[in-house]
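Asker: Chains as they are written, first to last, in this note's numbering: chain A, 8 to 388; chain B, 8 to 388.
Errors might be hidden in some of the hints.
Treat identical chains as interchangeable: a pair holds within one or across any two.
Below are the DSS-like pairs computed for lysine-lysine, each with C-alpha atoms no more than 25 Å apart in a straight line [what the hints assert, rightly or not]:
1. Lys123 - Lys222
2. Lys155 - Lys62
3. Lys123 - Lys142
4. Lys142 - Lys126
5. Lys342 - Lys142
6. Lys123 - Lys342
7. Lys62 - Lys270
8. Lys342 - Lys155
9. Lys142 - Lys270
10. Lys142 - Lys155
11. Lys342 - Lys222
12. Lys62 - Lys342
13. Lys385 - Lys222
In short, the hints are calculated from the structure, not lab data.
Number of protein chains: 2
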Amino acid sequence: MPFVGRESQTRRPVTAFGFELLASDGAARRGRVTTAHGPVETPAFMPVGTAATVKGMTAEMVAATGAEMVLANTYHLMLRPGAGRIERLGGLHDFMNWPGPILTDSGGFQVMSLAKLRKIGEEGVTFRSHIDGAKVTLTPERSVEIQKQLDATVTMVFDECTQWPVSEDEAAQSMRLSMRWAARSRAAFVERPGYGLFGIVQGSAYRDLREESAKTLTDIGFDGHAVGGLAVGEGQATMFEMLEATTPHLPAERPRYLMGVGKPADIVGAVARGIDLFDCVLPTRSGRTGQAFTRGGTLNMRNARHAEDGEPLDPDCGCPACRNHSRAYLHHLFKAEEMLGPILLTAHNLTCYQDLMREIRAAIEAGRFGGLAAAHAKIGR
Amino acid sequence: MPFVGRESQTRRPVTAFGFELLASDGAARRGRVTTAHGPVETPAFMPVGTAATVKGMTAEMVAATGAEMVLANTYHLMLRPGAGRIERLGGLHDFMNWPGPILTDSGGFQVMSLAKLRKIGEEGVTFRSHIDGAKVTLTPERSVEIQKQLDATVTMVFDECTQWPVSEDEAAQSMRLSMRWAARSRAAFVERPGYGLFGIVQGSAYRDLREESAKTLTDIGFDGHAVGGLAVGEGQATMFEMLEATTPHLPAERPRYLMGVGKPADIVGAVARGIDLFDCVLPTRSGRTGQAFTRGGTLNMRNARHAEDGEPLDPDCGCPACRNHSRAYLHHLFKAEEMLGPILLTAHNLTCYQDLMREIRAAIEAGRFGGLAAAHAKIGR
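All chains should be modelled from the sequences, with the hints used to inform the complete structure.
Answerer: Structure representation (structure tokens):
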């Protein structure tokens, strides 16, 4: 695994931001997102690098898992170390040593889940930082500006992530506010070759609202479309139903991103419904608590049955945990609360997710995605 | 940095345990320890892998710093996961993916500093585990047996580490008990080609006791000699004085190891007094708390003056922190309490220590060690 190294971070010739559809199998799409920071083969999974670091991983370890694009959180970075500071230091790519594409969320979701004393109005959201209590205002214009300071390859529109459950009336009001914010985000976005702005479909678990939102965004015009406000407690069946109500109304020539999803079976089911991009804290967070993803399901490495097991976690996995160590060693590291446990298991889980995405891409290319989807539904991870 | 990988852990042809003196400059020695698990160029620094992991590092990251030999702690490993378990799993080298030489301490020092309700007698020490309160007895015979179960390349004799300060009478009694234990450790040690047993010189800050201890050990006969019971509060001047009272009485054709030392200036001064091997938690522990070693002194990465500093920690350092990131990024990671801060700074500090050892070796070879020692005394790290 070569270190990426500052010296090799020479920028590729600037490519227009776009999406190439390479193959399809039913609604499942095999594509390529092209960006100023290089291409991303889709369907793709983006590891979450909240505070400009995928927790416990060096950038070269993340790259070694097969990841081509990562996500960072606007909310966290605007509060610490600050978007202006990252801009002065040359942007997020240099800062975190990730020369590849980076997507930043808009901060909307985290404001709802982490910030204190928030007040939502037509203009935007005012809240107090969960770090130091400082009063902060986020508007569509400010969120887009911050994401430019961060030098995000993909900027997300500022939106309100609707609570769950919510009445249809409230969901409609919230979605329409998000659509007005989407239009303001679009107007505030400064076009740069190879950079993109994604709209976010809202509408909770209401098919008509999802359709209305998708059409509104299509009319405004974005470089890609996300489906937001899912995986918030509605269950997999409803999530899939909402995707079926949404993706047919999104332009086929733009990438589609399902935010914050999810388990392997969720990802496979969403790909079957036309989704190209994913992000989720599940592989990284689980890795830190001792939960391992394997082809056969999940394992808790703290469980005593691994204590004397000299076999690797997954003999077919190429990650450092599986190539170099036994299940017994991983068990020992978690029992002894050694940092290397979370480090190795995060590397493993991310590798497992990237291997899944590679399998999915190969299956779509070969026209056998249906078989893969059925097999994954059976494992039920 | 290639992964070491299980498949490449084929054992080298077994070499006799030994020490080759390649060059000397005053009392400073440039040598090579040969072992069943490969050679170690000396003077050498061994990173501490207490619980079969150098905290926060994969084995390949440790190897990338330039380290050839690591230390692991018998006390920790006998309690968790247990020496029998590590033996059943094929030994420490496989367990922690370190095919190179491993030195284990005898457990004596940790029993004194960590265990509860300890009782010392002629036979050995009985104590309660700091993990689960279980009653455990360690004797010279049991310690040597455990280190064989761990498959330690270098086994240390079981000793009593004298408290500081201590009267000459008590120091003499304690040292003589350690010498009787050393003879029992020697008798219990099972000779294996390429494996070694080291005696430990005790005697606190009393020159005569140190000399007596060194001569007693030489009479018993060991593959190498450690100087123990220093760096416990006596100060650098006393430590150096004790080394001067000790090393002339140790056989020149065997390696000499100063246990638990130390700062760069301590290491340079000890090399000047004929020491070949070192271990210390300082670079790893400091790395976890944000303290960086550099050629010019130490830096606290939490300090606000690094917040906007786009320069690397040390432009001449080849570690991942210095090659890929700015001081500002390291500062951010520590402020945000991200795991990657300790990971990167541990890698840096270990690299800094290994670079120092490389410099020392080159200076002895070139007959200019005196100049290097003077320069380091000036920095005063």
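Asker: All hints, please: hold or fail.
Answerer: Okay, the hints, checked on the actual structure:
no., hint, in the structure
1, Lys123 - Lys222, "neither (33 Å within a copy, 70 Å between copies)"
2, Lys155 - Lys62, "within (23 Å within a copy, 37 Å between copies)"
3, Lys123 - Lys142, "within (9 Å within a copy, 50 Å between copies)"
4, Lys142 - Lys126, "within (11 Å within a copy, 59 Å between copies)"
5, Lys342 - Lys142, "between (41 Å within a copy, 20 Å between copies)"
6, Lys123 - Lys342, "between (35 Å within a copy, 21 Å between copies)"
7, Lys62 - Lys270, "within (19 Å within a copy, 30 Å between copies)"
8, Lys342 - Lys155, "between (43 Å within a copy, 23 Å between copies)"
9, Lys142 - Lys270, "neither (35 Å within a copy, 45 Å between copies)"
10, Lys142 - Lys155, "within (22 Å within a copy, 61 Å between copies)"
11, Lys342 - Lys222, "neither (52 Å within a copy, 43 Å between copies)"
12, Lys62 - Lys342, "both (20 Å within a copy, 14 Å between copies)"
13, Lys385 - Lys222, "neither (35 Å within a copy, 71 Å between copies)"
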